[in-house]
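**Q** As a plain string of letters, each chain reads:
There are 2 protein chains.
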Amino acid sequence: MASVPRGLSDFLHRYIPEIEREMFEFLPIQEPEAFLYAPMRDYPDRGGKRFRPALVLLACQVFDGNMKNAVRTAAAFEMFQSFAVVHDDIEDDSEMRRGKPCLHKMHGTPLSINVGDALYAKVFEILNANRPLLGAEVALDLIEEMVNGSRETFEGQAYDVGWIRQQHIPSEEEFMVMLRKKTGWYTGRGPCTAGAIIAGASPELRETIGHFGEAMAIAFQIRDDLLNLSTSEQDASVAPGLTSGAYGKERGGDIAEGKRTLIIIDLLRKCAESEKAEVLSILHEERQKNTAEQIERVIALVEEYGCIEYAEEVCRAKALESQQYLEKIPQSAGRDILAEMLDFLVQRAF
Amino acid sequence: MASVPRGLSDFLHRYIPEIEREMFEFLPIQEPEAFLYAPMRDYPDRGGKRFRPALVLLACQVFDGNMKNAVRTAAAFEMFQSFAVVHDDIEDDSEMRRGKPCLHKMHGTPLSINVGDALYAKVFEILNANRPLLGAEVALDLIEEMVNGSRETFEGQAYDVGWIRQQHIPSEEEFMVMLRKKTGWYTGRGPCTAGAIIAGASPELRETIGHFGEAMAIAFQIRDDLLNLSTSEQDASVAPGLTSGAYGKERGGDIAEGKRTLIIIDLLRKCAESEKAEVLSILHEERQKNTAEQIERVIALVEEYGCIEYAEEVCRAKALESQQYLEKIPQSAGRDILAEMLDFLVQRAF
Chain G
1 MASVPRGLSD
11 FLHRYIPEIE
21 REMFEFLPIQ
31 EPEAFLYAPM
41 RDYPDRGGKR
51 FRPALVLLAC
61 QVFDGNMKNA
71 VRTAAAFEMF
81 QSFAVVHDDI
91 EDDSEMRRGK
101 PCLHKMHGTP
111 LSINVGDALY
121 AKVFEILNAN
131 RPLLGAEVAL
141 DLIEEMVNGS
151 RETFEGQAYD
161 VGWIRQQHIP
171 SEEEFMVMLR
181 KKTGWYTGRG
191 PCTAGAIIAG
201 ASPELRETIG
211 HFGEAMAIAF
221 QIRDDLLNLS
231 TSEQDASVAP
241 GLTSGAYGKE
251 RGGDIAEGKR
261 TLIIIDLLRK
271 CAESEKAEVL
281 SILHEERQKN
291 TAEQIERVIA
301 LVEEYGCIEY
311 AEEVCRAKAL
321 ESQQYLEKIP
331 QSAGRDILAE
341 MLDFLVQRAF
Chain E
351 MASVPRGLSD
361 FLHRYIPEIE
371 REMFEFLPIQ
381 EPEAFLYAPM
391 RDYPDRGGKR
401 FRPALVLLAC
411 QVFDGNMKNA
421 VRTAAAFEMF
431 QSFAVVHDDI
441 EDDSEMRRGK
451 PCLHKMHGTP
461 LSINVGDALY
471 AKVFEILNAN
481 RPLLGAEVAL
491 DLIEEMVNGS
501 RETFEGQAYD
511 VGWIRQQHIP
521 SEEEFMVMLR
531 KKTGWYTGRG
541 PCTAGAIIAG
551 ASPELRETIG
561 HFGEAMAIAF
571 QIRDDLLNLS
581 TSEQDASVAP
591 GLTSGAYGKE
601 RGGDIAEGKR
611 TLIIIDLLRK
621 CAESEKAEVL
631 SILHEERQKN
641 TAEQIERVIA
651 LVEEYGCIEY
661 AEEVCRAKAL
671 ESQQYLEKIP
681 QSAGRDILAE
691 MLDFLVQRAF
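Those protein sequence lines, which keep their order, are chains G and E. The first sequence lines up with residues 1 to 350 when you count with the numbering used here. The second sequence lines up with residues 351 to 700 when you count with the numbering used here.
Bound-form chain G, shown alone (with noise of 0.2 Å):
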């Protein structure tokens, strides 16, 4: 697959390094440091290619906001992703992220909730921290739309947790609604308002940037899917920045986690009722009790129904619907740069 478009690229090239600056400065080293610093550097330690931080700086320059005044939100939407990636890991039990054991792995899950925890709360404080650089009243829409988007995240991911213990199986509606609020405001909507706030762009252009931000991270994560079926170190390199955590986990990982996606939503409503019951039952067990040959006939029912080929349809039909929302948004540098992540994150897959 291609590498990262020019522009693109030379965007994270410059902007990257002071989001990270910035992140870090938040992040000392202090005691209690075995049990709790060190293991909150450990998920942004990580590495990434940084999209989400970076499509805050891009919103701000597409409404010619100063840069500048966007990096310290930037952070603060890394750490909420770092936050929300080490609960989310300890909920669906998973082993791995980003080629490493998951941080409840290494260090139990009590210390990784509270680990999480604080870093929740370091979200605010840098958000808190942008009051001598835009004023009182900016500084607290920003957190404002992080409250808010905060509980779409939780909502969703309450539907996602709670669909797998009462072992409901959501219609692709409900489905849609749910990956809407726990991936589509902190991956892409958030992070585009935020910027659009910064710049002072209008109600109207933050409006339309957060849903072409929104549909941007749907067909993402869609995407992100979709790679979990088909893992591999080549696929790995692509693009280890804006994902759950397909990359550097097992492949069919979300499949041995019971997690309902298109792709299982789709085979369900396709195949024969006896391998329904075959389906459910390794979806409905504990991922530690399912064997490789079951994730492997999993994956050999998906690809013999084309539920890949329906998630690829839906995943093209959402960029689409992120295209045309950019559209309405005037021309600029910023916005080609939009267009070639866009491209890149998702439409350049098919």
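Be aware that one or more of the hints could be misleading.
What the hints assert, rightly or not - List time: in silico DSBU-like cross-link candidates among lysine-lysine, alpha-carbon distance up to 30 Å:
id: 1; chain 1: E; residue 1: K450; chain 2: E; residue 2: K639
id: 2; chain 1: G; residue 1: K105; chain 2: E; residue 2: K455
id: 3; chain 1: G; residue 1: K289; chain 2: E; residue 2: K455
id: 4; chain 1: E; residue 1: K678; chain 2: E; residue 2: K418
id: 5; chain 1: G; residue 1: K289; chain 2: E; residue 2: K639
id: 6; chain 1: G; residue 1: K105; chain 2: E; residue 2: K639
id: 7; chain 1: E; residue 1: K455; chain 2: G; residue 2: K259
id: 8; chain 1: E; residue 1: K609; chain 2: G; residue 2: K105
Derived from the structure by calculation, the hints contain no laboratory data.
Given chain G's structure and the hints, the job is docking chain E onto it.
**A** Here is chain E on its own, set in the frame of chain G:
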């Protein structure tokens, strides 16, 4: 034991319903109800004397602030308490909270982590809603207080949980640092400082009432740990409000959890080597594997070595320290009620 003193009792009867109304306004019943919004209301619904939010109002009153302006922030502190105990119960794998099964025993760990996260987000949602009431600057001052205090809490929790994981027995000095961080802020210093901020008190007076609250909270926690060894239905009726959870918990539950308390630290430095080995093996065992006989054996040693008297002495000294800070604050009706609270929560016990 005596009932709540008259002035304090009148105050609580008058203001707690307002605080609860405010808090539940931020806890709507909506979808996803079963997986999120119903469990979010569970701990707040289990009641309590609501001493923490009452402290916010009293600290505001003491400095001639308008208590109406403090109700919302008081609700935020009660919400923080609910968040903290949801995660704390998971981290300690506790069984019971206020006489009912802990949230994660009812809904599982994954959903309950997410419920806690959503409650923590509510804290900032409430504080952000202070903006029309108090203006952006004061609203941010309160968010800053919450952020800084949260950091203390998570640092304290990191020690508490980390020591169990590392099988480390802290010195009394280490223990007191942990207690100040884990409990001192959110049970005492935080609510008092917030009330003083709302009233517009000087930085010096904020500090003074903060110290008062912190010392009271530490004394109270030590007393709470003492009660955990003697919990009975009768005790449970005394002060079910300002507690990290002794009431409605099983006698000696702290010992079963391996919790480091002043009592246990004192025992381990006083008892014979063979007894020390015995106590440590019980502390380090998983809580389910400890028998009632083992717990009673530890309690018997605690009594034999005078560790209860020692903890009472430290508690009394902290209560005195708290009283001395209170006396530095100008006399008022509110101060009298704070003195009653200190007396009721800690001093009257001895």
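**Q** Is the straight-line distance between the alpha-carbon of E:K609 and that of G:K105 30 Å or less?
**A** At roughly 22 Å apart (the allowed maximum being 30 Å), G:K105 and E:K609 satisfy the hint.
**Q** For the pair supplied as a hint, E:K455 and G:K259, confirm whether the alpha-carbon distance does not exceed 30 Å.
**A** Since the Cα atoms of E:K455 and G:K259 sit roughly 22 Å apart, the hinted pair holds (cutoff 30 Å).
**Q** Under the criterion that the straight-line Cα-Cα distance not exceed 30 Å, is the pair G:K105, E:K455 satisfied?
**A** holds (22 Å)
**Q** Are the Cα atoms of G:K105 and E:K639 separated by 30 Å or less?
**A** The given pair, whose Cα atoms are some 23 Å apart, holds under the 30 Å limit.
**Q** Compare the distance between the alpha carbons of E:K678 and E:K418 with 30 Å, and conclude whether the hinted pair is satisfied.
**A** Status holds; Cα separation ~25 Å.
**Q** For the pair supplied as a hint, G:K289 and E:K639, confirm whether the alpha-carbon distance does not exceed 30 Å.
**A** holds (25 Å)
**Q** Does E:K450 pair with E:K639 here, judged by a C-alpha cut-off of 30 Å?
**A** Answer holds: E:K450 to E:K639 is near 21 Å, not above 30 Å.
**Q** For the pair we were handed, G:K289 and E:K455, check the Cα-Cα distance against 30 Å.
**A** Given pair G:K289, E:K455 holds - Cα atoms ~23 Å apart, limit 30 Å.
Violated hints are absent here; each numbered hint is respected by the structure.
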